[in-house]
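Chemist: Chain B: place on chain A using the hints.
Protein chains in written order, with this note's numbering: chain A, 730 to 1166; chain B, 730 to 1166.
Derived from the structure by calculation, the hints contain no laboratory data.
Treat each hint with caution, since some may be false.
Which copy is meant is left open, so a pair is good if it fits within one copy or across any two.
The list that follows gives simulated cross-link-like pairs (lysine to aspartate or glutamate, DMTMM-like), each with its CA atoms no further than 25 Å apart [said to hold, decoys possible]:
no., residue 1, residue 2
1, K972, E1043
2, K879, E995
3, K998, E1084
4, K1144, E788
5, K929, E989
6, K1114, E1043
7, K1111, E989
8, K845, E1021
9, K1144, E764
10, K842, D1008
11, K879, D1034
12, K796, D1008
13, K796, E850
14, K929, E1156
15, K919, D961
16, K969, E1021
There are 2 protein chains.
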Amino acid sequence: MSLIEPRLLKGFRDFLPEDMILRQKVISIIRNVFELHGFLPLETPTLEHLDILSGKYGEEGEKLIYKFKDQGERDVAMRYDLTVPLARVIAQYPELPRPFRRYQIQPVWRADKPQKGRFREFYQCDCDIIGVEDITAETEIISSVHDSLKALGFQKFCIKINHREVLNGLLAYAGLEQNFLLPLCRSIDKLDKIGPDGVKDELIQNGFSNAAVARILEMLQVNDPVSAFAMDLVSEKIGKFVKTGSAVLQLRKLFGYLKESGIADEYYKFDISLARGLDYYTGTVFETVVSEPKIGSITGGGRYDELISIFTKEKIPAVGTSLGLERLIEVIKIFELLPVPSSVSKALIVNFSEETTGYAVGVGQLLRANGIPCEIYPEPGKLQKQFKYADKLHIPYVLIRGSEEIADGSVVVKKLADGSQNRIPLENLIEFFKSTP
Amino acid sequence: MSLIEPRLLKGFRDFLPEDMILRQKVISIIRNVFELHGFLPLETPTLEHLDILSGKYGEEGEKLIYKFKDQGERDVAMRYDLTVPLARVIAQYPELPRPFRRYQIQPVWRADKPQKGRFREFYQCDCDIIGVEDITAETEIISSVHDSLKALGFQKFCIKINHREVLNGLLAYAGLEQNFLLPLCRSIDKLDKIGPDGVKDELIQNGFSNAAVARILEMLQVNDPVSAFAMDLVSEKIGKFVKTGSAVLQLRKLFGYLKESGIADEYYKFDISLARGLDYYTGTVFETVVSEPKIGSITGGGRYDELISIFTKEKIPAVGTSLGLERLIEVIKIFELLPVPSSVSKALIVNFSEETTGYAVGVGQLLRANGIPCEIYPEPGKLQKQFKYADKLHIPYVLIRGSEEIADGSVVVKKLADGSQNRIPLENLIEFFKSTP
Chain A
730 MSLIEPRLLK
740 GFRDFLPEDM
750 ILRQKVISII
760 RNVFELHGFL
770 PLETPTLEHL
780 DILSGKYGEE
790 GEKLIYKFKD
800 QGERDVAMRY
810 DLTVPLARVI
820 AQYPELPRPF
830 RRYQIQPVWR
840 ADKPQKGRFR
850 EFYQCDCDII
860 GVEDITAETE
870 IISSVHDSLK
880 ALGFQKFCIK
890 INHREVLNGL
900 LAYAGLEQNF
910 LLPLCRSIDK
920 LDKIGPDGVK
930 DELIQNGFSN
940 AAVARILEML
950 QVNDPVSAFA
960 MDLVSEKIGK
970 FVKTGSAVLQ
980 LRKLFGYLKE
990 SGIADEYYKF
1000 DISLARGLDY
1010 YTGTVFETVV
1020 SEPKIGSITG
1030 GGRYDELISI
1040 FTKEKIPAVG
1050 TSLGLERLIE
1060 VIKIFELLPV
1070 PSSVSKALIV
1080 NFSEETTGYA
1090 VGVGQLLRAN
1100 GIPCEIYPEP
1110 GKLQKQFKYA
1120 DKLHIPYVLI
1130 RGSEEIADGS
1140 VVVKKLADGS
1150 QNRIPLENLI
1160 EFFKSTP
Chain B
730 MSLIEPRLLK
740 GFRDFLPEDM
750 ILRQKVISII
760 RNVFELHGFL
770 PLETPTLEHL
780 DILSGKYGEE
790 GEKLIYKFKD
800 QGERDVAMRY
810 DLTVPLARVI
820 AQYPELPRPF
830 RRYQIQPVWR
840 ADKPQKGRFR
850 EFYQCDCDII
860 GVEDITAETE
870 IISSVHDSLK
880 ALGFQKFCIK
890 INHREVLNGL
900 LAYAGLEQNF
910 LLPLCRSIDK
920 LDKIGPDGVK
930 DELIQNGFSN
940 AAVARILEML
950 QVNDPVSAFA
960 MDLVSEKIGK
970 FVKTGSAVLQ
980 LRKLFGYLKE
990 SGIADEYYKF
1000 DISLARGLDY
1010 YTGTVFETVV
1020 SEPKIGSITG
1030 GGRYDELISI
1040 FTKEKIPAVG
1050 TSLGLERLIE
1060 VIKIFELLPV
1070 PSSVSKALIV
1080 NFSEETTGYA
1090 VGVGQLLRAN
1100 GIPCEIYPEP
1110 GKLQKQFKYA
1120 DKLHIPYVLI
1130 RGSEEIADGS
1140 VVVKKLADGS
1150 QNRIPLENLI
1160 EFFKSTP
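Just chain A, same shape as in the assembly (with noise of 0.2 Å):
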């Protein structure tokens, strides 16, 4: 039979030992804070019936579901985010308790142009409050975005906060109709990248008339990092339409929470320009970004309070969150923020010959019955190429019993750092590898 070469789709990747050890422990890491803010897992499956998906994800995500017909020529969907099988196990099983805090991290796939840092397949880690309409689950989200962060070692971030009712106030102030919302949101949402200036000629070349224009210029500048100075000229330029005044109310009720949440001011602020999907967002909306490296938001969230009426007549309020865990782990990478152990195993345990691997065998049992993870090289044969794969995998103890020693009940332990050896009592080696870092 010819080979079949080895090799990967487009898009997609094999996690390699070193890669996987870091991915576990952020994974783990994320877990831990969301349990703290008592977030409960849930699991959905990979597919779904394609209308469960379909027509969720705006025109340009409809394209990227990969959807395929089983072998029972049902329409199947893969996992596109972890939002919509959120909403579909919400509306059926109304068993589940209300407010319902869940955390999902699962992978999620998207038929995307390739390209640097954006994959196939990649794994998200959301947390929702569905059932409640007050600001306090957005307290709950913003605070577990904030703990991740600083639990997975970032010291520079900010979580920028917006409201839809923000932005409709600020397309009234402008005096202009709902239908220029959209391309408003589309230039605002570069103000980052194209400056005041880039965004007045974007405004303009799509027809937005010079006082129009005037008015959104106006009312960016009001992205001062103070937040409730920021809050102060809104409240006093927008505050007057109804929804606008009363979302500026539960922003600063937010941001008193956030502090109470013990979020320090340089970790979040409000920004009038930021927009994300509209289509899906009908209250606050959030997103992280980090000044360095430049790659864009590192997590995004808001209030969809719509959304699961698409399964549902009962009208249920949602908040959450999603943590994009490869930009996570790309900044993580870069910056060095997270220590890796380099191996898992504590200890090589040597196979000289035949005669001695049962107590070769023995020895690791006595090590893994005491919690340390080791490996007896599994074959006998020369101690130089055992020592070379210590070496290669970081292992930083190589441990000796030959003929001398299984006689007198010793093990030789040999630190592969230095060299250095020592010749210890089988009874002593659990404290040894206890009291060594």
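Modeler: Below, chain B without anything else, positioned relative to chain A:
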């Protein structure tokens, strides 16, 4: 818009929190045992080029692979097991250490007929050692199986062990040609179910001569619980066939090493009737059975020295095993083998009114900063509703901070199990939780 019915595809499942808490616990225990044995984590993509998976799982398996054409008209297939992707990885990354120990815990998909206990999406937990011919590798794999099951609380199980060359010896002893191997294996595999008479009838129906059947039945009697004794018999009767003789020596060594690994005699046995999938395995085969409930094998594995050569010219020996998460969990649930916490949060912080929400948030921050999982009821309102919620979620404590407690810097801690309550100064709250089991 008309409602979309929230529903699942047949054979697929949602894991709601109660299930997920148990699943995560089981996975974390297995991962820990794998790491104690020095296995390194690996993940491979959900989608592979179809030719990577196709033709590896036999005629029946082939039909069960989920396959389709993606947006780029490429033939793709969903992960069917964790062994073939591992073989691809080994061939694709020659820089990986050798021997290479890897574990992998991921879902796989098979378009099987959904029936009780059989799903189209399910998790496998695999560990394998690549690049080793020596039986020490088998020892490490079987020790991982044993230690995993013990760590999961299993008290009664048996790892059956056989060798393909023992089956070949049996065939030769009965005077049969190689083409009788498959029907022979199929029949003796049912020995436990249909007994020796059933096996006899089936063999005769399949055209085995009376003389051949007599010899086969003679050998089936060696299934003595004491493996060493059975090995003596096998050795005496069929050890003269060269490869069988050497296989018996290997098995004897293995049983000796398993003893050194701290595995009690009751947990493993030589079983001449164990065949497993013959397309695949080239040496040892093993599987774990439980007497109760009747659910077939809960782990299975063996040596596959030729699989990797589908992808590379180099001959690379390999041995490994797979633990079936779904069956393990079924047994764990039936016999309540693992204590499972009924809630994630240790405390619900009552949200009285808008005026006091900030204080509730502050208490949450204090607990979380000290590693105590808790949640703030995300909506100010009636106490009764909030207590009911805590009850439904089995949250053990409710913390109440009304105007009185805010004034004197305390918090009321109510234990829901017995309704008892204490007012505690805020600075003693962490101590209270740390000293409470």
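Chemist: Report the numbers of all earlier hints that the structure fails to satisfy, in ascending order.
Modeler: 4, 5, 11, 14, 16
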